[in-house]
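Peer 1: For reference, the chains in residue letters:
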Amino acid sequence: MKPFFMLAVSTVALALGAGAAYAECGIEAGSVRILSNDFEALRLVNTTAEECASDSVTVTANATAEHKNLQVPALSINPAEYTVAVVANNSIVPLMNDDLIRPLDDLVAEYGASLQPNQLIKIDGKTMAVAFMGNAQHLFYRKDILDKAGIAEPKSYEDILAAAEKIKADGLMEYPLAASDKPGWDLAAEFVNAYLGTGGEFFAPGSAELAIDNENGMKVLETMKALTAYMDPDYLTFDANGIQAEYKAGKVAMMVQWGSLAGDMLKGEGAAEGVVENTVMAGAPTIGGGTVPAVALWWDGFTIAKNISDEDAAASFQAMVHGISPEMVAANPTVATWLVSGYEPGPNAVGVIATANAGARAYPMQPYMGLLHTALSSELAEYMAGKEDATQALADVKAAYDTAAKEGGYL
Amino acid sequence: MPHKTFFAFILPSLIAMALFIALPIVSVVVQSFHVEHGRILVEVESCQPFGGCTKETRVDTAAMSELKAAQPMGQFNGFGTYLNRGHLAVNEIGAILANNNGFGDIVTRIYNLPFYKALSFTLVFCFVVTPLAMALGFAIALAVNTLPKVTKGPVIFFSLLPMIITPLIGSLILYWMIQPNGIIGATLRHVFNDPTLSLRQSPALTWFSLLFYGVWTNAPFSFVVFYAGLQTVPADTLESAMIDGASRWERIRYIVIPHLAPLATFVALVQLMDNFRVFEPIVGFSAEANATSLSWMIFNDLAGDAQLFGSAGATSVLTIIGVVILLTPVLIRTWREFNHKVV
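Quick mapping for you: the protein sequence lines, in order, are chains A and B.
Counting from 1, position 53 in the first sequence corresponds to residue 53 in our numbering; the numbering is continuous, with no gaps.
Counting the second sequence from 1 gives a position; our numbering is that position plus 411.
No lab work stands behind these hints: they were computed from the structure.
Keep in mind that this is a model prediction, so the values were computed, not measured.
No residue lacks a Cβ here, since even glycine has one placed at the ideal position from N, Cα and C.
Take the hints with a grain of salt, since some may be wrong.
Far from chain A, some chain B residues (derived; all Cβ distances over 10 Å) [claimed, not checked]:
hint, residue
1, Val446
2, Val455
3, Phe490
4, Gly513
5, Asp516
6, Phe568
7, Ile743
Here are the in silico distance ranges between beta carbons for each label pair [stated by the list, open to error]:
hint, chain 1, residue 1, chain 2, residue 2, range
8, A, Asp170, B, Ile595, 31 to 41 Å
9, A, Glu158, B, Phe568, 55 to 65 Å
10, B, Pro614, A, Pro73, 53 to 63 Å
11, A, Gly359, B, Leu508, 22 to 32 Å
12, A, Ala162, B, Phe568, 57 to 67 Å
13, B, Leu494, A, Glu344, 37 to 47 Å
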């Protein structure tokens with residue numbers, strides 16, 4: 001039954017794809033060269049954009065996890081190696097800092113009829129990127145386990161801690177929680193998430209002066225540490241894929257995981273019996289009695305390089321608009337949480353949408369946020385391993401950030 | 412050989428060395444003395460799909476490009492980067508020495524500084540792995556040397572495997588094996604009857620796993636060199652020692668080891684240099700929380716959202732200085748031996 005179903009789905013998908021292949025992108029001539037991160041939704045956008053290739057139009061795409069390291073050097077040269085850089089809240093910043101992408105207002109006016117106003121990322125009044133999908137971490141939990149322990153859906157980290165205690169005490173699971181606490185990008189993202197939930201600001205207004213050394217910062221660190229008491233003792237080696245595997249193995253009852261991995265979870269490849277059917281996607285938890293979900297909202301969008309000819313820029317913009325067209329989204333509703341018009345959210349998007357509706361804040365776009373993220377990624381490890389206290393950890397983060405910010409010319 | 416001919420012979424290599432070794436090092440040194448220009452920040456309004464429009468800080472790119480055109484290298488910072496908290500941390504160490512609660516406190520607080528934390532693991536890795544790997548390699552070489560000819564080939568091939576495998580893949584393989592559900596991890600839990608035992612959670616066990624990996628991956632190099640050396644041990648001397656009634660151990664101790672001593676110096680030199688730039692096992696073992704190395708620091712500076720070239724350059728120069736300091740005793744010894752032979 002299942003293989004037959006899969007076959008039917010792929011046949012339909014093929015038919016749709018073949019139909020779209022003849023779609024008219026309206027491009028006369030030009031070269032489109034796309035650089036993007038490497039995950040399913042972006043690969044889909046890239047292949048859809050590639051349908052615009054014709055005798056006079058070439059479309060190539062490079063989807064790689066190393067895109068962040070490639071984009072600045074690749075767009076700095078003239079003509080740029082790539083005409084399109086697919087970015088997110090954080091990876092657009094280096095391109096903005098070095099003035100490598102062009103304002104898109106003219107192109108939007110001419111070719112952007114299918115775009116919605118909220119897709120346009122405007123900086124200083126100019127459209128610099130076109131967003132097409134949203135992403136956020138949110139709560140995944142096992143309804144069967146929580147029901148057995150007699151607990152309702154947790155709404156805050158305090159609820160999660162209480163639920164974990166109950167599950168452990170009842171002997172339902174030894175390590176009911178998991179988080180992507182691996183030192184590096186993941187661990188820093190956990191801190192940023194929780195800190196956003198406190199409502200605090202990372203920097204003093206209008207400057208690069210760090211402002212996390214306060215009770216909000218302490219609260220975040222305390223909560224992060226308290227959660228680890230209910231985690232596998234190897235918690236410092238798990239990233240998002242690691243906890244996904246642990247959860248699928250049926251070892252975890254609750255985790256705050258990426259919305260972009262919800263589709264993978266629902267597909268349930270490699271999952272233990274009973275895990276997928278009992279999994280509920282819910283909005284991200286709040287922290288410390290706050291009302292804002294303690295996670296960052298992310299968007300993925302495309303930007304057009306500055307150092308290319310206007311013809312290539314127009315061709316690239318049209319190809320990308322085709323890549324994120326409502327038809328593509330209608331044919332692939334479960335791949336991502338699309339921001340495109342006409343999108344009907346599927347079961348995989350419930351968590352992200354609940355989180356966004358609850359008023360979660362976007363990942364900060366300040367030019368020096370990357371430096372803070374790096375400082376957090378290396379300085380929080382010792383605290384999480386229980387080798388130093390929270391005051392020392394915050395002091396270390398500040399010292400490391402100040403050093404880097406001075407070197408980067410921000411302080 | 413006349414000097415002129417000699418010079419003509421090595422000129423191509425000299426040019427290649429200058430181009431591919433000396434010049435990059437010079438550029439790294441120059442880079443390490445510079446930091447980015449002071450950024451000119453402006454407040455602008457930014458609008459996103461979520462949360463509407465907010466005031467945000469941006470870099471004024473027009474003003475920055477003028478600064479960059481005038482001084483493309485950035486600001487000159489002298490030794491500032493070398494002395495800051497991310498590297499030698501002179502001020503922080505001064506503060507720790509001036510105000511502390513005894514020796515233990517000093518050590519803990521200095522270890523908390525990123526450079527010294529990385530340096531401690533790097534040095535421990537060097538000085539534990541090098542001798543152990545050499546001893547293991549020598550032992551394997553002695554064992555293989557006594558094998559019958561038929562079995563020698565396959566045994567040598569298997570002994571070389573750790574060196575053939577790419578270091579990152581090798582460390583990942585071992586990392587998966589020591590996971591709680593991996594073959595080594597599960598066996599250890601069974602043997603010690605401790606269901607919570609995990610080689611990845613405590614710093615001591617992480618260090619132990621990394622050192623174990625280091626010995627495993629470095630032993631084959633010593634083995635190959637020592638095995639080749641064993642073929643040159645004079646058979647006459649060995650036979651006369653046997654006639655004199657020397658045991659196998661005595662023959663190894665008084666004939667083989669002295670014969671191989673110059674080789675050992677060479678192996679130690681190469682291995683120390685290799686181990687000082689330990690990097691792959693830290694990434695492969697996801698051990699960043701408990702162990703970092705100088706090379707890992709360079710990687711960390713260049714891999715983030717914001718790249719710090721000056722900082723990476725300074726760490727690189729400090730690594731080169733470290734290698735030179737490590738190798739000095741060995742080099743002095745080699746130099747003396749060389750002079751001795753000439754005279």
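Peer 1: Does the hinted range 55 to 65 Å hold for Glu158 of chain A and Phe568 of chain B at CB?
Peer 2: Taking Cβ atoms as reference, Glu158 of chain A and Phe568 of chain B lie about 59 Å apart, which means the hint holds.
Peer 1: Going by Cβ atoms, does Val446 of chain B stay more than 10 Å from chain A at every point?
Peer 2: Answer for Val446 of chain B: violated, closest chain A Cβ roughly 5 Å.
Peer 1: Checking a non-interface call: every C-beta of chain A should be farther than 10 Å from the C-beta of Gly513 of chain B. Is that right?
Peer 2: holds, 18 Å
Peer 1: Could you tell me whether the CB distance from Ala162 of chain A to Phe568 of chain B stays inside 57 to 67 Å?
Peer 2: Holds: the Cβ-Cβ distance is about 58 Å, inside 57 to 67 Å.
Peer 1: Is the nearest CB of chain A more than 10 Å from the CB of Phe568 of chain B?
Peer 2: The assertion about Phe568 of chain B holds, with a minimum of 33 Å to chain A.
Peer 1: Given a hint of 53 to 63 Å, does the C-beta separation of Pro614 of chain B and Pro73 of chain A actually sit inside it?
Peer 2: At 37 Å between Cβs, range violated.
Peer 1: Just tell me: holds or violated, for the beta carbon distance of Asp170 of chain A and Ile595 of chain B against 31 to 41 Å?
Peer 2: Since Asp170 of chain A and Ile595 of chain B have Cβ atoms about 33 Å apart, the given range 31 to 41 Å holds.
Peer 1: Evaluate the given range 37 to 47 Å for the C-beta pair formed by Leu494 of chain B and Glu344 of chain A.
Peer 2: violated, 59 Å
Peer 1: Beyond 10 Å on every Cβ pair: is that true for Asp516 of chain B relative to chain A?
Peer 2: holds, 12 Å
Peer 1: Holds or violated: 22 to 32 Å for the Cβ distance of Gly359 of chain A and Leu508 of chain B?
Peer 2: With Cβ atoms ~49 Å apart, the hint is violated.
Peer 1: Beyond 10 Å from every chain A Cβ: check whether that's true for Val455 of chain B.
Peer 2: Check fails; 4 Å does not lie beyond 10 Å.
Peer 1: Please confirm whether Ile743 of chain B is truly not at the interface, meaning its C-beta sits more than 10 Å away from all C-beta atoms of chain A.
Peer 2: holds, 37 Å
Consistency with the previously given hints fails for numbers 1, 2, 10, 11, 13, ordered from lowest to highest.
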